[in-house]
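Okay, here's what each chain looks like letter by letter:
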Amino acid sequence: MRKVLIIGATSAIAQETAKIYAQQQDALFLVGRDAEKLEVIAADLKVRGASKIDYTSLDLNKCERHQDMLQQADSYLEGIDVVLIAYGTLDDQKECEQEYSKTKRSLHTNFLSVVSLLTLLANMMEPQNYGCIAVITSVAGVRGRQSNYVYGAAKGALSIFLQGLRNRLQPANISVLDVKPGFVDTPMTAEFKKGALWAKPEDIAKGIYKGIEKRKDVVYLPWFWWPIMTIISYIPEPIFKRMKL
Amino acid sequence: MKSMSKKYQSWGRFPKVSQRDNPLQWRTLPIPDIPCTVLPYGLGRSYGDVCLNNGGSILTTRSLNHFISFNTDTGILRCEAGVSLAEILDLCVPQGWFLPTTPGTKFVTIGGAIANDVHGKNHHKAGTFGRNVPQFELLRSNGERLLCSPTSNQEYYAATIGGLGLTGLIIWAEVQLKPICHRAMSTELIQFSGLEEFFEISAQSDQLYDYTVAWVDCGSQGEALGRGLFFRGNHVTEEEIPASWHVSSRTLTMPMDFPSFALNKWTVATFNWMYYHKQSSKVIKELVDYNPFFYPLDAILQWNRMYGKRGFLQYQFVVSYEDHRIIRDILQVIAASGSSSFLAVLKTFGDLKSPGMLSFPRPGVTLALDFPIKGAATFELLERLDAMVREAGGVVYPCKDARLSARNFQTHYPQWNEFSKYIDPRFSSSFWRRVTRT
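Line order of the protein sequences matches chains A and B. One rule links them: number in our numbering = place in the first sequence (from 1) + 75. One rule links them: number in our numbering = place in the second sequence (from 1) + 60.
It should be emphasised that the hints constitute simulated quantities derived from the structure, not laboratory data. In this text the structure is predicted, and so the values were computed from the model without any measurement. There could be a bad hint or two in this list.
[What the hints assert, rightly or not] Straight-line Cα separation of at most 25 angstroms, PhoX-like style, residue types lysine-lysine; simulated pairs:
#1 A:Lys275 - B:Lys413
#2 B:Lys434 - B:Lys325
#3 B:Lys413 - B:Lys76
#4 A:Lys177 - A:Lys289
#5 B:Lys434 - A:Lys269
#6 A:Lys281 - A:Lys121
#7 B:Lys413 - B:Lys238
#8 A:Lys169 - A:Lys289
#9 A:Lys316 - A:Lys285
#10 B:Lys325 - A:Lys269
#11 A:Lys269 - B:Lys345
#12 A:Lys291 - A:Lys281
#13 A:Lys121 - B:Lys238
#14 A:Lys275 - B:Lys67
#15 B:Lys369 - B:Lys67
#16 B:Lys185 - B:Lys67
#17 B:Lys434 - A:Lys268
#18 A:Lys268 - A:Lys169
#19 A:Lys289 - A:Lys269
#20 A:Lys289 - A:Lys255
#21 A:Lys269 - B:Lys66
#22 A:Lys169 - A:Lys285
#23 A:Lys137 - A:Lys177
#24 A:Lys281 - A:Lys127
#25 A:Lys255 - A:Lys291
#26 A:Lys268 - B:Lys413
#27 B:Lys66 - B:Lys369
#28 A:Lys137 - A:Lys121
#29 B:Lys66 - A:Lys268
#30 B:Lys481 - B:Lys434
#31 B:Lys66 - B:Lys76
#32 A:Lys289 - A:Lys268
#33 B:Lys325 - A:Lys268
[Claimed, not checked] Derived coverage of chain B by chain A (criterion: at least 3 residues anywhere in the stretch with Cβ under 8 angstroms from a Cβ of chain A; other residues may be distant):
#34 81-93
#35 197-210
For every residue, glycine included, the Cβ atom is placed at its ideal position computed from N, Cα and C.
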C-alpha cells in the first residue's frame, strides 16, 4: 500500500491519477481549494477502492499555511511515499501584459507557491531515503511564446527548480518527476477549440503513474510532445522571434 | 461559461445539427443559466435525435462521473449520472456484482440508460433498466432537487424513466446490481431455419436462460425467410466456474468512414449468408467472457463509421405476441425492397412492467433493424414499415428514431400529452420538437 498526497486534487488530471491509486487500495490525502468538491472526489475514490482517504481544503496561495497542511497529511498517512502537485491557473496572457499585478499573481500561483511546497516537502522526505515528488508543469515552459509567456515563464522556472531539486535529492533516493503535458481537454481549457493534438485527462494520468513507477525524471504527455518541443527548442531565435506562436 | 455553437451528430450520424455544449463539472452546481433550451447529453449513443438539441444547448454530463457509495451487502450502487456502464462493470465485476440489465453497448451513461429506459437480453427476467433503479435525484431548472422513487415524487419518477432527458437533469441514481460468481457466461448458439422455429426456441429458452436474443438473416427470402442464430446464456454457476480465465482487452478502432458504396445489398447479403453458415453444427455450447457476449460491437470502436458519412437509420419496434405475424410480413417487405439490414435483432419481451410513463418495452416481440441511408428510398421504406407497425398496434423505439412522423409518434404513445406536464420548461430536444409538431 502506497501513501499518496495529491495537492490540487480537484483538477481533472489529478482526479484521474488518484483513481489509479485508489483502484490499487492505496491510502490518499487530498488537498484543494473547495471542500465540497473534495468531498465528492473522496467519496468516489473510497468506492473505487482507496484503503484510506481524507482531505483538507486550502487556498494554496497562502504559503504560510503549507507547513501545517503537510504535517496534517503526514500524520494522517503516517509518512508520504508519493506526492503529486497538480494545480495551476492558466491566466489570460493579454490581461497579464497590461497589468503587472496579474502577472505577479500568475507567477505566485504557478511558481512561487509550488516552490514553497517543494522546499518543505524536500526537507520532510529527504531523511526517509525513498519516495517520489511529481509536479505537473507544461510544454509551455519549454520556450517563451507570445501567446502565453507569463504562464510559460512560471512553468519553465518550475522545471528548472525541479531539475536542481532532482540533482539535490538524488543521493537521498528520492525521484523528482517533471510532468510536461501538452493540450489536455479539461475544464481549464474548456474555451479552446480542440484538434488532433488534444489528449484526455485519463491518458495523461496513466502517463504520470507510469513515470512515477519507473522513477523517470521528465515525461512529455502524450509522448509526441517530446519531438515537437525538441524541434521548437532548436529553431534559431532570429527565426523564432518572427513566428506567430 | 461561454461556448461556441458546434456541429454534432448522434451515433447514427443522422441528422447533423448545430448546438452549443455546456459541460457540467460538479453535482453541487445549478443548471447553467443560458439563453436557450438545454438537453442532458451523456455519451451520445442514442442513434437518432433524442440526444440532440438543434439551435439550443446540450449539457454534457461526462464529468459527472463520480461514484457516491456502494453497499457490497445489498448491491446498491449510487453514482452520478455521467458514470458509464463500462465504469460500473470495471468496479463491480471483480467484486461479484453485475448490472441488473444492459443494452448492447456498455458505452452509455446511467443517465442515458434511465432516460431511454433501455432494455437487454434479459428483459423477460428483469424488465427494463428503470425497473432496477430504486431512486435518483432530479435537478430542475428552477433549482429544485427532487428525490424520485416509487414512493417520493412518484410522478417525476415515472416521467423521468424513459423521459428522454426532458424532465430535468438526473444528478445521481441508484442501481440495484445482481450477484454473480464469475465473469464467464455459459452460452449456446443455435441455428434456426425460420420464424416458427425461432418462436419455439424462444419460448423454451425464456424459461431456462436469463439472456436470450436472436440475429436474423435479413437477406434470405422464400423458404429461408427469417432464418438466423439464437443466442442464449446464463452467468456461470459455482459448479461451472472455469479453473483459469483469460480476459482479452483488445479493441480495434474503425480508422475511417467507409465509402457509401461499401455497404450495398450484395455485400450485406454475403455477410449475412456467411454469418449464418459460420457454424457447421446446429448448436455450439461454450463458456465466453461477459464482454463478447453482451458487447460484441464494443470491440470495434467507432463502428458506426462503417456506414459512411451519410450515416444510417435504426428501426426498432415491438408488437404484441398475438400480432407477431407482422414480423414475417416486414421481413418480406425488406427482402423485396432490395435493401438489406446488417444487424437484424429479434427478441421476445417479457411482461414485467416498466415504471416509466413513456417507456418503449412492453410484452411482445421486438425487431431491431439498421439501414445505411441511401437517400429517399430508405426513408420511404421505413414509412411503409411505420404503417404496418401502426396497423398491428405496435410502437417504435424513440431512442433509435430519427424520422418518425408526429402523427405516428402520437398514435404510438397516446400518453405523450400527460407526459408533457412533467417536462422542464427549459428542456427540449430535436426529437421532441419533431414528434410534437402540429
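Hints and how they fare:
no. : hint                : verdict
1   : A:Lys275 - B:Lys413 : violated, 40 angstroms
2   : B:Lys434 - B:Lys325 : holds, 11 angstroms
3   : B:Lys413 - B:Lys76  : violated, 35 angstroms
4   : A:Lys177 - A:Lys289 : violated, 38 angstroms
5   : B:Lys434 - A:Lys269 : violated, 32 angstroms
6   : A:Lys281 - A:Lys121 : holds, 19 angstroms
7   : B:Lys413 - B:Lys238 : holds, 19 angstroms
8   : A:Lys169 - A:Lys289 : violated, 39 angstroms
9   : A:Lys316 - A:Lys285 : violated, 36 angstroms
10  : B:Lys325 - A:Lys269 : violated, 38 angstroms
11  : A:Lys269 - B:Lys345 : violated, 47 angstroms
12  : A:Lys291 - A:Lys281 : holds, 14 angstroms
13  : A:Lys121 - B:Lys238 : holds, 21 angstroms
14  : A:Lys275 - B:Lys67  : holds, 20 angstroms
15  : B:Lys369 - B:Lys67  : holds, 14 angstroms
16  : B:Lys185 - B:Lys67  : violated, 40 angstroms
17  : B:Lys434 - A:Lys268 : violated, 33 angstroms
18  : A:Lys268 - A:Lys169 : holds, 18 angstroms
19  : A:Lys289 - A:Lys269 : violated, 31 angstroms
20  : A:Lys289 - A:Lys255 : holds, 16 angstroms
21  : A:Lys269 - B:Lys66  : holds, 11 angstroms
22  : A:Lys169 - A:Lys285 : violated, 36 angstroms
23  : A:Lys137 - A:Lys177 : holds, 17 angstroms
24  : A:Lys281 - A:Lys127 : holds, 21 angstroms
25  : A:Lys255 - A:Lys291 : holds, 12 angstroms
26  : A:Lys268 - B:Lys413 : violated, 45 angstroms
27  : B:Lys66 - B:Lys369  : holds, 17 angstroms
28  : A:Lys137 - A:Lys121 : violated, 28 angstroms
29  : B:Lys66 - A:Lys268  : holds, 10 angstroms
30  : B:Lys481 - B:Lys434 : violated, 38 angstroms
31  : B:Lys66 - B:Lys76   : holds, 10 angstroms
32  : A:Lys289 - A:Lys268 : violated, 34 angstroms
33  : B:Lys325 - A:Lys268 : violated, 40 angstroms
34  : 81-93               : holds (count 5)
35  : 197-210             : violated (count 0)
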